[in-house]
Every structure is written in structure tokens, then in C-alpha cells.
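K.L.:
Sequence:
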Amino acid sequence: MGEFVRVERDGGHPAVAVIRLDRPKMNAIDARVQRELGAAAARVSADDDVRAVVVYGGERVFAAGADVKEMSEMGFAEMADHSRVLQDSLTAVARIPKPVIAAITGFALGGGCELALCADFRVAAEDARLGQPEIRLGVIPGAGGTQRLPRLIGPARAKDLIFTGRHVAAEEALSIGLVDAVVPEADVYGHAVAMAASYAGGPALALRAAKQAIDGGLETDLATGLEIERMHFAGLFATEDQKAGMRSFIEEGPGKARFSGR
3 MGEFVRVERD GGHPAVAVIR LDRPKMNAID ARVQRELGAA AARVSADDDV RAVVVYGGER
63 VFAAGADVKE MSEMGFAEMA DHSRVLQDSL TAVARIPKPV IAAITGFALG GGCELALCAD
123 FRVAAEDARL GQPEIRLGVI PGAGGTQRLP RLIGPARAKD LIFTGRHVAA EEALSIGLVD
183 AVVPEADVYG HAVAMAASYA GGPALALRAA KQAIDGGLET DLATGLEIER MHFAGLFATE
243 DQKAGMRSFI EEGPGKARFS GR
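Residues 3 to 264 in my numbering are what the sequence shown spells out, letter by letter.
Heads up, a few of these hints could be off.
With a straight-line cut-off of 30 Å between C-alpha atoms, the simulated DSSO-like cross-links for lysine-lysine are [stated by the list, open to error]:
1) Lys-71 - Lys-161
2) Lys-245 - Lys-258
3) Lys-258 - Lys-213
Hints are computed from structural coordinates only; laboratory data are not their basis.
Kindly produce the complete structure, drawing on both the sequences and the hints.
P.N.:
Take a look at the structure:
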């Protein structure tokens, strides 16, 4: 348990873990929150009982960004070290080897938007606002925004959001692929948990391989990506889940296999 970030288990879905940000008022991502996010990501990654993860900031706000007061007087040398911790903490969330869903209420701005980009899917409230407003502070995104955002929505749209620093309403975010679902505010958490639960019963090793193949392939050329896929595909033939899945398909038909995660 961290002071501002904790790992909870959803009572209705025991295989779903929730990384809960709770730093009033706006879940500003200061150095302590960054360290606690990294620790929470490591914890859910290592827990075999956790099959899917929700990142949630509460009913009012997801995360309004990095702590500007903390950063404002830093110089180059200090920020060179601080920014590495910032990037590493969010990258730890991106590398959780399980399906991850961000449940976005209120604002997801700056570092908060960058945290949401680390999830595999994003569910937003109807009144949510997302954006990368760092340009208005005389800087650029420093926790992955210039890299993950264009990979998700394309370079031109990413440049528009980063160059202007404007906030994006939920419906526009949905239309450009920045979020994957828009629901009433009261339903955000439940929708995200249900989405996570829909993956939690799948074969854990195959889900991990699929995520690593997709994410790794996006960073390289097609031929190398195909080789990444081939090796993950072949490796799964050493798992119990592959045997169970194919045996069930032959004997019972599709969609009836029960997976052990081994």
C-alpha cells in the first residue's frame, strides 16, 4: 500500500486488480506518486492471481497531470534525473503483461493523459476531458505523450493536440481513437471492471504473448514484427493452456475451454 496509490481487488471479479490513485484534489502525479505507480505496476505484474487490471482515479478525476509546483524551479540537471523516474514509472504500467483498462473520470491531462495512454484500452465518462497541455507551460510532454499519442491516433492528430494544448471532449476522443468507450460518469468504473473481467478468464500466457507481440511489433519493421509473432506463437505450444484449448476445441467445439494460466 502506498500513500497515494494502492492496489485493490474488485469484490465481484477477484481476478481483476485495481490500481487506485488517491491524491486529493486532482491526483497530481508528483515524485511520490510516480514511485508508487511503479511499485503498484510491479505488484500486479508479479501476482499470478491477477489476470487483468483497471487504473482508476476515483469518481471525480483520473489525474490532472504532473505536479507543476514540484517541477517549476528545477533546472536541466535535476529534470534530466526526474524525468527518467517519471517515464520509467509510467512505462512500468505500459509493460504490465496483462490487459489494462484506464477508467477515466473528470480530467486526464498532461501526465494523467500519458498514464491513460499506457493502458491497452480507455473508458471515459461523458464529461471527461483529455489532453496534453504542456505546450502552454513552455515545455512538451515528458512522460511518453510525444511517442504513445501519435502511435495511437496518428501523427497529425497528435501534433494538433500537443501543439495547441487543447482539451479534448469525450466524444471527440472517441471519434479519433483516443478512448475506446464513452459511458455515463456513474458507469465508468463498472464498465472498465466488466471489460477487464471479460479478459480475465482467458489464457494468461497467450494474452501476455499477444500484448508483447503487438506492442513489440509496433516498434519495429514488419519482418521483425512477424518474427516476434512467430516466436511467441511457437512458444505457446509449451503451455498447458494450449493443450487444453485445442483439446477442448476438438472434443467440445469452440469457446468452451477452461484455462489454468500455465
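K.L.:
Does each hint hold? Answer for all of them.
P.N.:
Here is how each hint holds up against the structure:
no.: 1; hint: Lys-71 - Lys-161; in the structure: holds, 26 Å
no.: 2; hint: Lys-245 - Lys-258; in the structure: holds, 13 Å
no.: 3; hint: Lys-258 - Lys-213; in the structure: holds, 23 Å
Of the numbered hints listed earlier, not one is contradicted by the structure.
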